[in-house]
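Starting from the known structure of chain U, arrange chain E on it as the hints suggest.
So the protein sequences, as listed, match chains U and E.
Its first residue numbered 293, the first sequence is counted upward by one per residue in my numbering.
Its first residue numbered 118, the second sequence is counted upward by one per residue in my numbering.
Worth flagging that the hints you see were computed from the coordinates, not collected in a lab.
Just to be clear, a hint being listed does not mean it is correct.
Partial chain U-side listing against chain E, Cβ under 8 Å, derived [stated by the list, open to error]:
| # | residue |
| --- | --- |
| 1 | F398 |
| 2 | P584 |
| 3 | P710 |
| 4 | T711 |
| 5 | A769 |
| 6 | F779 |
Cross-link-like lysine-lysine pairs, in silico, DSS-like; alpha carbons within 25 Å at most [as the list claims (entries may be wrong)]:
| # | chain 1 | residue 1 | chain 2 | residue 2 |
| --- | --- | --- | --- | --- |
| 7 | U | K618 | E | K343 |
| 8 | U | K618 | E | K301 |
| 9 | E | K184 | U | K765 |
| 10 | U | K844 | E | K178 |
| 11 | U | K482 | E | K129 |
| 12 | E | K178 | E | K125 |
| 13 | E | K218 | E | K129 |
| 14 | E | K218 | U | K538 |
| 15 | E | K301 | U | K689 |
| 16 | U | K482 | E | K353 |
| 17 | U | K501 | E | K347 |
| 18 | E | K301 | U | K648 |
| 19 | E | K129 | E | K178 |
| 20 | E | K129 | U | K689 |
| 21 | E | K361 | U | K765 |
| 22 | E | K218 | E | K353 |
| 23 | E | K343 | E | K355 |
| 24 | E | K343 | U | K482 |
In this text, a Cβ means the ideal position worked out from N, Cα and C, and glycines have one as well.
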Amino acid sequence: MKTLNRSLWIFLVLCLGGVAAAFGQVPDAPPVDFPYAGNRTGVWVVAQLHILFAAFILGAPIFAVVAEWLGYKNNDPKYDRLAKEVIKVTVILYSMTALTGGLFIFVLLGTYPDFSTWLIKHFFLVFAVIYPLLFILETIILYTYFYSWDSMKGAKKGRHIALGILLNIVGTVTLFVIDGPTSFMNTPAKAAEGLSLVEFIQTAGLWDKMANYSWMPLNLHRLVGNVTFGGFIAGLIAAYMFMGSKTDEERSYYDWMGFVGNMIGVGALLLLPFMGYLLAYELCDYDASICPYMMADQLSMFFEMQGAMIGLIFLASNYYIWLSLKRIQGVDQVRISGFVALVVLLMPAIMGYTWKMFPPPEWQSLIVLGALVVLPAILGKIPGLKNFTVSAFTMIKVGFLMIVVADAIWMTPHGFVPTQGLATEEVELPSWAGELALMPAKNAAAFTLVFLTVVNYILYNRAIKRGTIIWGKIDFASQFVLIFLAFSAIWTMGLMGTVRSLTRKYYHVYNLVPDFSPEAFTPTLAYSAWWITGVTIVFYAVVSFAILVTLKAGSPKPVGSPASPIPAEAK
Amino acid sequence: MANQSFAKSVMKKATIGVIVGVLLVVGAKFTHFPYVFQVMFFIYAMLGALVFILLDAPAMKRLEGVKAVGALVVFYLLLSGLYIAGASILPQFDPEDEKGKIEKILKPRRAQTEQGKADELIARAKELDERAQALSKQLASLGAEAQVEVVEQPSSAGAGAATGDVIALGKEQWELQECYNCHKLFGQGGKKRGPELDNIGNLMTVDQLREKILNPKSWKAEGFDKDYDKGKMPDKYKDLMFPKEIDALVAFLSSLKDASVKTPKPIKMN
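If we strip away everything but chain U, and leave its shape as in the complex, we get:
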């Protein structure tokens, strides 16, 4: 046996030596030309798909462990079922993440061999050791977390939740680690005094390259984005299952799940504009010329599209709250101080003016902001004024009006031109209205959207305390709203990912490694939209398939019977 083993080893070594010798005589293969789309688009599509799957497998466990904890704390099995169903889909999509990740590496190496090798050499420890180890660790914890669900019940539940938290910690660290090279490509470390950037990068340590200007903003933006994404995908799962439900019990459960998914998605969404702003701020701080490129040059219309998408997402998420409210019996009696409606109506104008005069973080701007938020609550308690109230439905309608207004402000550009170089009076704002295109106005619009969404949730909270929710009886259109939200969130992620990549201009690594390929130009928005839509559809198709296979094929029996109308407060 030993002799056989030894012979096999010798044979293997000879084979390897033979292959190496043969390869040593073969000239380098030329870089691959990606058919039809070209190399850049090929890499873009595969990378975007990978990022979407990765975002889901990182966002969904955050959502799941919170749900599991709520179920444990409130002794409510619905939350536990919700968490488990989301993790079931995550397990399936985990393999897709690995598959697209591998594909991404192969495509990158095949199409841009020189640059890929350069990047791998600079981050060798990350790519060859840290990232794979973290991925393996995450895989082990994820599968343990999922397969121990039923065995770690009762007294062991706390330990199971701790495992979920550990999974999220490892997932978040993995995200932060891989964001290092990604953000480095946008904002490579600044050179030390007296050295050129090239010289500095040659001698810089791994940490110098990882901890670059946009690393932490990108980490935070992606982390919050992933939670938003996880929430909206949970809403998507709920919508599919609601549409396919055969019983009232199932419908009531998936109606509830859709509500929870949307609430978490919207909750994280409220932070997202500010995280995006932070990332853009750091990019501009690194190199001020990136700002005009984004806002006034080739990418300006990409931001117009982003404004439209954000507006639609806020409209849809508030419309879902509206539909949810409509099925609460007794909602007619819920009222709110009329001063809140007044503040919402005046907010874009007041905050736009304040932020123009006192740009944040100057204290005057924070005082006005605080006053606007607190004042309605104080005035609403003063005798004589506290009777000035409006109904929940009136307040929400005022909110919808202001969503449209705020989005119009968000979308108003300095000029409807793809670059300021082509600006003429026929397409530019009149000079007296120039403020509409500046950051104070945009921030005021974003804050208004966030503020009135919070107000709508406060109203919803009041309604469920006073009224009776009839789970399962929500307007069927709400399921299309949930699907719309997930689709639009994914599309917007694709759009903004495109923008982040394009801010590198004609460089693989900004200002450091030029892209000499003929595709190093900025593609048009229309061209980008086709590919973003294609990627979204492919991702959607895979996720839909995963949902149907994992949940629909083996539909579990409903837990409890929340279909019967139960006064929420009594419950």
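Frame of chain U; chain E shown alone:
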């Protein structure tokens, strides 16, 4: 009955939407908003009307089986079409404009790489080969006594420099490095990020201009304290531009001597 009242509600809200839209358009026209903004305001008025129509829409009937799947497919197609159309309606940047610029910026840098040097040698060898073949053809057709006219071909690289028009090259660098995004010049570009430079040639010497480009912290423009403190002017040009490109840009800037424009006074910092 419910359908009738919804139809009435749709009519009412659509009418209000059109009225608000028309009022916005008239107001925008009166206050000198260009046509494209007037259209945008009208679209937003109609979007508002659509939202309020949806708010009072009757509950949708449940869809099951094939109908539900069909509705989903149609919904996805509609969304995809809407987003592609929306992105396509907006003004598009022509990549051809950028390709020429990228070629001008990257060509000299590519020439410095190993691959670039190899490509240049191959191109040169090809060119020589073609000329040799053309010469032997000429010799063969004209006989040995025929005089062969050899035309000296100018090198494509540095054609501008050969003419000695350094200022034109400097102006080209102004465009390529996108200085116009921050500095106003000849009444164009700027947006107040950096000082207007029409008279900079009267305020700074060639050496001072070079110093400012290579080390932006060395000089401050009067009235631009915040921008200076934030380090708004990128300190990347020393890494990105070749010395002769910087020379050309400096020559161009020092030629700007329009005293009628108030270029802020430069202040030496360190």
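Taking the hints in turn, this is what the structure says about them:
1. F398: 22 Å, violated
2. P584: 4 Å, holds
3. P710: Result: holds, 4 Å to nearest chain E Cβ.
4. T711: Check passed: Cβ of T711/U comes within 6 Å of chain E, closer than 8 Å.
5. A769: Result: holds, 4 Å to nearest chain E Cβ.
6. F779: Constraint on F779/U satisfied, holds at 6 Å.
7. K618/U x K343/E: 52 Å, violated
8. K618/U x K301/E: 56 Å, violated
9. K184/E x K765/U: Holds - the C-alpha atoms of K765/U and K184/E are around 20 Å apart, at most 25 Å.
10. K844/U x K178/E: 22 Å, holds
11. K482/U x K129/E: Violated, at roughly 60 Å.
12. K178/E x K125/E: Answer holds: K178/E to K125/E is near 20 Å, not above 25 Å.
13. K218/E x K129/E: 54 Å, violated
14. K218/E x K538/U: 61 Å, violated
15. K301/E x K689/U: 45 Å, violated
16. K482/U x K353/E: Distance of about 10 Å is within 25 Å: holds.
17. K501/U x K347/E: Holds, because 22 Å separates the two Cα atoms, which is no more than 25 Å.
18. K301/E x K648/U: 23 Å, holds
19. K129/E x K178/E: 24 Å, holds
20. K129/E x K689/U: 16 Å, holds
21. K361/E x K765/U: 74 Å, violated
22. K218/E x K353/E: This hinted pair holds, its Cα atoms lying about 18 Å apart.
23. K343/E x K355/E: 23 Å, holds
24. K343/E x K482/U: Holds, at about 21 Å.
Hint compliance for this structure: hints 1, 7, 8, 11, 13, 14, 15, 21 are broken, all remaining hints hold.
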